[in-house]
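Participant: Whenever a hint applies, use it, and build me the whole structure from the sequences.
Chains as they are written, first to last, in the working numbering: chain A, 1 to 570; chain B, 1 to 163.
Bear in mind the hints are in silico, worked out from the structure with no lab data behind them. Hints may contain errors.
[Said to hold, decoys possible] Distance condition first, Cα-Cα at most 30 Å in a straight line; then the derived DSS-like pairs of lysine-lysine:
1) B/Lys72 <-> A/Lys187
2) A/Lys558 <-> B/Lys162
3) A/Lys149 <-> B/Lys66
4) A/Lys313 <-> A/Lys350
5) B/Lys66 <-> A/Lys194
6) B/Lys62 <-> A/Lys297
7) A/Lys149 <-> B/Lys90
[Unchecked claim] Using C-beta positions, here's what the derived DEER-type ranges look like:
8) B/Gly150 <-> A/Met361: 44 to 52 Å
9) A/Glu176 <-> B/Leu144: 38 to 46 Å
10) A/Asn359 <-> B/Gly52: 39 to 47 Å
11) B/Val160 <-> A/Gly336: 57 to 65 Å
12) B/Arg84 <-> A/Asp282: 58 to 66 Å
13) B/Ala133 <-> A/Lys204: 56 to 64 Å
A virtual CB, placed ideally from N, CA and C, is assigned to each residue, including glycine.
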Amino acid sequence: MVLTGAEIVIRCLQEEKVEYVFGYPGGAVLYIYDALFQQESVRHVLVRHEQAAVHAADGYARSTEQVGVALVTSGPGATNAVTGIATAFCDSIPLVIISGQVPTAAIGQDAFQEVDTVGITRPCVKHNFLVKDVREIASTIKKAFYLAKTGRPGPVLVDIPKDVSMHQCEYEYPKEISMRSYNPVVKGHSGQIKKAVQLLLGAKRPMIYTGGGVVLSNAAEQLTKLTRLLGYPVTNTLMGLGGYPAGDRQYLGMPGMHGTYEANMAMHYSDVLLAVGARFDDRVIGLPSHFAEEPRKIIHIDIDPSSISKRVKVDVPIVGDVKEVLEEMIRQLESGEARPNPEALAAWWKQVEEWRGRNCMVYKNSDEIIKPQFVVQKLWEVTGGEAIVTSDVGQHQMWAAQYYPFTKPRRWLNSGGLGTMGVGMPYAMGAQLAHPDMQVACITGEASIQMNIQELSTCKQFRLPIKICNLNNRYLGMVRQWQQLFHGGRYSESYMDSLPDFAKLAESYGHVGIRVDKPSDVEGALREAFTTHKNELVFLDFQVDPTENVYPMVQGGKGLTEMILSAEDL
Amino acid sequence: MRHVISLLIENESGALSRVSGLFSARGYNIESLTVAPTEDASMSRMTIVTTGSDDIIEQITKQLNKLVEVVKVVDISEAAHIERELMLVKIRATGKDREEIKRTVDIFRARIIDVTDASYVVELTGNQGKLDAFLGAIEPALILETVRSGVCGIGRGDRVLKL
Ligand SMILES: Cc1ncc(C[n+]2csc(CCOP(=O)(O)OP(=O)(O)O)c2C)c(N)n1
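Facilitator: As structure tokens, then:
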């Protein structure tokens with residue numbers, strides 16, 4: 001069958017069972033949009049800014065196990081998409097981004113809307129392609145999906161010049177793909193796994209530390225099983241929340257800069273640490289030399305060899321897919337006789353419980369002014385802990401992570417690696433489209449939400465009933481916190497002046513807006529949003545305490561055990 | 001420590017910039033980088049001379065391996081290997097210098113491949129040390145121009161870097 005390049009692009013998306021494409025048209029992708037128009041199975045979501053297209057595709061991918069797809073035009077379309085691509089790259093999210101390019105003959109001529117998209121995106125994609133021949137479109141798109149979702153996942157960009165999308169050729173979708181230069185290791189080395197299991201069984205102060213890899217590899221069930229079999233304490237990083245059910249006795253909360261006292265102490269004083277799909281990044285281990293002061297053996301499971309022994313030296317590296325490796329560990333444990341040493345474990349748990357007894361997450365609530373933590377707790381109650389929660393970046397992100405205990409994976413969507421303000425609403429859009437029957441809440445701040453506020457329009461068009469919980473403190477709160485703690489209280493450019501009336505703004509887009517000033521109104525407003533206005537987008541503008549800080553806190557460059565637990569420690 | 005890393009990479013446009021971009025983005029050193037197609041035209045072979053601690057070299061090889069177009073990576077300096085570099089030097093050669101230079105060329109087993117009444121072009125292959133020594137043996141004021149290919153390397157004996 002002879003098709004145009006544009007038709008081939010759409011056929012390929014159909015073959016990959018793509019439900020939604022998030023995009024924005026322009027000159028270089030006109031043929032592709034024309035082909036899109038003439039079919040029904042691939043649905044297009046017209047965003048209001050290309051950054052949001054990529055974030056929404058990313059949110060879709062995070063909340064499902066699918067590859068997210070975005071479509072943008074050349075030049076400004078592609079450059080607007082870059083933040084979204086880099087955000088997905090830093091969190092290893094599988095995306096395929098299709099960008100239009102100027103016609104092949106115009107490449108290099110400084111043509112209208114020409115940028116070197118492949119060059120600009122090279123450092124923030126898993127891989128990218130410029131397709132110069134219509135006969136290569138199908139195999140390239142096949143490769144793009146394959147690369148995006150296998151190994152350590154990531155965004156893959158396919159740049160298609162306008163003439164290539166117009167040319168015709170015989171179409172056939174390749175059934176299989178193999179690349180001699182790309183063969184990710186899936187199965188872990190069984191000898192290494194055996195060593196790891198022995199080390200774990202001999203531990204006196206064991207700790208399990210898990211990250212986004214558990215979520216990406218869909219291994220929450222295996223992690224839970226292994227953790228319960230061993231009876232060891234476990235912590236999930238910001239990217240790994242929901243990997244192990246929060247609230248369970250063995251769960252110590254999140255580690256790191258704003259992690260719990262018990263998680264950080266247990267990480268630090270463990271004698272055997274099992275790291276699973278986590279990368280010891282600087283928000284978890286701020287000071288590797290301090291971490292290395294306590295002797296411990298580290299086992300590290302990761303699909304990406306370059307994540308192993310990068311910041312922290314590892315004793316037993318296991319390269320492989322987290323799920324496969326955990327399954328093998330469970331098999332070895334179950335088939336062997338050996339079990340953890342009960343006395344040592346009891347003594348260790350006694351110590352851990354003592355740390356937990358510090359109750360590091362208590363905050364002073366108030367009858368007068370809304371505390372942001374209180375809003376998150378109420379949101380958890382009202383949604384029965386079953387919502388998909390997205391966040392932006394700042395204090396509200398940390399409070400969301402701390403006070404909304406996630407019991408399942410793929411329920412918590414945030415930009416952990418790049419820390420991109422503005423992801424919250426687009427993530428919620430992607431998640432809501434993927435899960436039309438679920439409650440989707442976006443916990444945000446008055447600054448972050450303004451970075452992609454135009455998407456209120458997209459939400460109206462596609463009837464996305466997301467619930468935006470704006471923790472409005474009139475400050476770039478996280479910036480203000482650092483200025484208070486480390487810059488002598490000089491609040492340089494961190495006050496958000498001239499804020500809009502968010503409730504009215506939402507109403508002007510045709511949504512429901514509710515402003516909440518009093519603590520006693522918080523729960524009622526949330527209930528109204530999730531029941532009365534179940535099928536509408538509600539913008540809840542909570543006026544919260546502008547002076548509240550996120551605790552506990554490990555300052556940058558300090559050791560894990562040197563935590564500020566509350567304002568009294570300052 | 002100085003290391004010589006050899007790799008096979010798909011002969012695609014942009015492949016070189018992925019490698020050089022990786023080094024600059026992560027702040028790794030490149031002392032020299034050479035690349036050319038192999039007997040299989042679909043693949044290129046690259047030799048990169050770099051310096052760094054063991055941890056950094058480990059990261060460099062892992063990061064190179066992670067590039068989708070990289071087929072194979074070997075740190076050939078981990079075992080017995082041979083390094084060669086080609087150098088062309090244009091030397092001012094007049095009067096009594098002509099004989100003197102020719103003698104030095106013979107000692108280093110170099111070759112004069114272009115002659116005018118005022119200059120020679122000398123071709124020399126060897127390891128970096130030999131090339132450096134040759135330049136050291138020529139009066140600096142006489143050196144008009146030098147061009148070096150960068151290091152090519154190969155393992156000794158039956159160590160083979162092939163698909
Ligand atoms: C795009 C982008 N620009 C700047 C920053 C730096 N930054 C991190 S948190 C923050 C403040 C966020 O303010 P807000 O959204 O109101 O949240 P709050 O911290 O007050 O909860 C800023 C500016 C960032 N993370 N992303």
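Participant: Confirm or reject each hint.
Facilitator: How the hints compare with the structure:
no.: 1; hint: B/Lys72 <-> A/Lys187; verdict: holds (20 Å)
no.: 2; hint: A/Lys558 <-> B/Lys162; verdict: violated (47 Å)
no.: 3; hint: A/Lys149 <-> B/Lys66; verdict: holds (15 Å)
no.: 4; hint: A/Lys313 <-> A/Lys350; verdict: holds (28 Å)
no.: 5; hint: B/Lys66 <-> A/Lys194; verdict: holds (26 Å)
no.: 6; hint: B/Lys62 <-> A/Lys297; verdict: holds (22 Å)
no.: 7; hint: A/Lys149 <-> B/Lys90; verdict: violated (54 Å)
no.: 8; hint: B/Gly150 <-> A/Met361: 44 to 52 Å; verdict: violated (58 Å)
no.: 9; hint: A/Glu176 <-> B/Leu144: 38 to 46 Å; verdict: violated (58 Å)
no.: 10; hint: A/Asn359 <-> B/Gly52: 39 to 47 Å; verdict: holds (46 Å)
no.: 11; hint: B/Val160 <-> A/Gly336: 57 to 65 Å; verdict: violated (41 Å)
no.: 12; hint: B/Arg84 <-> A/Asp282: 58 to 66 Å; verdict: violated (42 Å)
no.: 13; hint: B/Ala133 <-> A/Lys204: 56 to 64 Å; verdict: holds (59 Å)
Taken one by one, the earlier hints fail for this structure at numbers 2, 7, 8, 9, 11, 12, listed in ascending order.
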